[in-house]
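Engineer: Next come the chains, spelled out residue by residue.
Number of protein chains: 2
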Amino acid sequence: MSDDFLQCLQSTAERVSARLDDLLRQRAKDARPPRLIEAMRHGVLNGGKRIRPLLLIESAALFGVAKKDALQAACALECVHCYSLIHDDLPSMDDDDLRRGLPTVHRAFDEATAIMAGDALLTLAFELTADEACHYDPAIRSELVVLLAKASGGAGMIGGQILDIAAESKTIDEAQIRLLQSMKTGALIRFACEAGAVLGGANDTQRRALISYGEKTGLAFQLADDLLDVTSDAGVMGKATGKDQERGKGTLVGLVGIERVRELLSQTVDEAIGALEIFGLEADVSREIARFVAERTH
Amino acid sequence: MSDDFLQCLQSTAERVSARLDDLLRQRAKDARPPRLIEAMRHGVLNGGKRIRPLLLIESAALFGVAKKDALQAACALECVHCYSLIHDDLPSMDDDDLRRGLPTVHRAFDEATAIMAGDALLTLAFELTADEACHYDPAIRSELVVLLAKASGGAGMIGGQILDIAAESKTIDEAQIRLLQSMKTGALIRFACEAGAVLGGANDTQRRALISYGEKTGLAFQLADDLLDVTSDAGVMGKATGKDQERGKGTLVGLVGIERVRELLSQTVDEAIGALEIFGLEADVSREIARFVAERTH
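Going line by line, the protein sequences match chains D and F. Going by this note's numbering, the letters in the first sequence line up with residues 3 to 300, in that order. Going by this note's numbering, the letters in the second sequence line up with residues 3 to 300, in that order.
If you're looking for bench data, these hints aren't it; they were derived computationally from the structure. Bear in mind that the values here come from a model prediction, so they are computed numbers and not experimental data. Heads up, some of the hints might be wrong.
Identical copies carry no separate label here, and so any pair may be met within one copy or between two of them.
[To be verified] Mimicking SDA-like on lysine to any residue, the simulated pairs with C-alpha atoms at most 20 Å apart in a straight line are: (1) Lys69 - Asp133; (2) Lys31 - Val148; (3) Lys152 - Arg27; (4) Lys152 - Arg37; (5) Lys51 - Glu290; (6) Lys69 - Phe281; (7) Lys152 - Pro140; (8) Lys152 - Asp23; (9) Lys152 - Asp133; (10) Lys31 - Ala135; (11) Lys152 - Asp32; (12) Lys69 - Leu8; (13) Lys152 - Gln74; (14) Lys70 - Gln28.
Given the sequences, and given the hints that come with them, work out the whole structure.
Structural biologist: Next comes the structure, spelled out in structure tokens:
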């Protein structure tokens, strides 16, 4: 990673976190119960890397959209991601106590509050996307709401989580692992890239290129995650590791081995980078994101 | 209630249920896991009275909107209502085993599936609202998404549920009960009426009248519910009754007595009906809804 890229990553993460902080502060004024807002803040303002917002912002930037003009959509996307983490961590789901080195929301508050904080973040995501501050054209906003709902709903992220939980109690093959991962993690990353295209008024070719880039980057993200689950330790990850194996969850590493997954990951990153060819040098930051996703250590 | 009204109530409920059935069948084709769709269907297609969709459809009808053209927005609203029931029934919230005479979703399936079925219904609600099938004008669709998100989010329904749970462990006064009820139940009923105005292209006066009607009808709904909790039995309600009292939940009945609540209810229904004056005879069905909400026995 170049220093320039790492600086871009950090400054975008800071801008996203600052805006999310702002948005939640504004909402705290509307008689929303303080405890709910505190739980939402705990789930959102926890030092995340903001990879999905970065993908959205950089995809939109390919069409000349200023970072500030993509920030609202990026924050909405991050709200969906954070809600999904809060709900996935619940005792009846993955039952995790730690997330990014801090107690998960249901440990810091309680289970009911965690469920509702997640619900409220999901709801807020759609409010932010449909609001004028997201884009001046309501047709763009409506399209983004539909895309975000599809990416995060039953045919996307939620569906993938259901398949993931079901996979704990049975053996699944490579095709099934790929399907569940493409839904659980891939759909929202693909959305990040497509949303950038929609915000930027991309033509069909450009949009297809970004969708392909998003799909490959999503797959690379998941492959890297699978590798980290077996090679990293809890101190670095800020959450429990080795849990997938422990639970007998079907992962590609378990099925085809570490070396084969490393090869696949390298090949997938090349494909993600290749998908950006039509954008020329302008897309160098997006190329670095694909590499970063594959090489990250936590 | 006139026979005409009861027939209208029934035929609208049937149309809403049939469309929800359709929409969930369509989604079952998109590789969504069958178990998730089954849990969503269990939570949605359970013989509900569809009062909120009726309010929306009849409010829109005041402006000449055909019932079929308000059906998508009405179904979206019912998805939000049903998701809220699924989550409220969870063990960490109200811990209810029965809903409309059937096992609640977490009893019929499991807790994780119930949480995700609720999440998926909330997500679907926004997809339906932002979709072209809701209204041809994307500005209307975006406005409805924002209104629905605000009504169901932290300053509305979810906020009310947090206050409600907090109220179990302390004494709250009449003003606090009214605030929590206006958020928990009132916000979505108010949305139903305002959404009809938005779909119908109402002017400001008409919209304010429908908002006022919605607020009063929401209050009447809650007062009637409080009365039913102490006067009805589980067989008629299809769910556990007397639970509010048992949990020491602050209700107006507990605070001011049954007779005073009956008076308040009657007065609130008059106010709801009065708010419709500018619509003349056209609004007679809406007037009957306010009466029905107050007089229902379950």
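Engineer: Decide, hint by hint, whether the structure agrees.
Structural biologist: These are the hints, each one checked on the structure:
1. In this assembly of identical chains, Lys69 and Asp133 lie within 20 Å of each other by CA distance solely inside one copy; the values are 17 Å within and 27 Å between copies.
2. Within a single copy, Lys31 and Val148 get their C-alpha atoms only as close as 29 Å, which misses the 20 Å cut-off; across copies the closest is 18 Å, which meets it.
3. Taking the shortest Cα distances, Lys152 and Arg27 sit within 20 Å of each other only across copies (15 Å), while inside one copy they are farther apart (28 Å).
4. In this homomeric assembly, Lys152 and Arg37 come within 20 Å of each other (Cα to Cα) only across copies, at 18 Å, whereas the closest approach inside a single copy is 30 Å.
5. Only within a single protomer do Lys51 and Glu290 lie at most 20 Å apart by alpha-carbon distance; the minimum there is 15 Å, versus 54 Å between protomers.
6. In the homo-oligomer, the alpha carbons of Lys69 and Phe281 lie at most 20 Å apart inside one protomer (18 Å), although the nearest pairing across protomers, at 48 Å, exceeds that limit.
7. Proximity of Lys152 to Pro140 under the C-alpha cut-off of 20 Å is found in both arrangements, the shortest distances being 18 Å within a copy and 18 Å between copies.
8. Taking the shortest alpha-carbon separations for Lys152 and Asp23, only the inter-copy value of 18 Å comes in at or below 20 Å, while the best intra-copy value is 26 Å.
9. Within a single copy, Lys152 and Asp133 get their C-alpha atoms as close as 19 Å, and across copies as close as 11 Å, so both meet the 20 Å cut-off.
10. Taking the closest pair of Cα atoms, Lys31 and Ala135 come within 20 Å of each other only inside a single copy of the chain (19 Å); across copies the shortest separation is 35 Å, beyond that limit.
11. Within a single copy, Lys152 and Asp32 get their C-alpha atoms only as close as 29 Å, which misses the 20 Å cut-off; across copies the closest is 10 Å, which meets it.
12. With identical chains, the CA atoms of Lys69 and Leu8 are at most 20 Å apart within one copy only, with a shortest distance of 17 Å there and 55 Å across copies.
13. In this assembly of identical chains, Lys152 and Gln74 lie within 20 Å of each other by CA distance both inside one copy and across copies; the values are 19 Å within and 17 Å between.
14. Taking the shortest Cα distances, Lys70 and Gln28 sit within 20 Å of each other inside one copy (18 Å), while across copies they are farther apart (38 Å).
Comparing the model with each numbered hint stated earlier shows that all of them hold.
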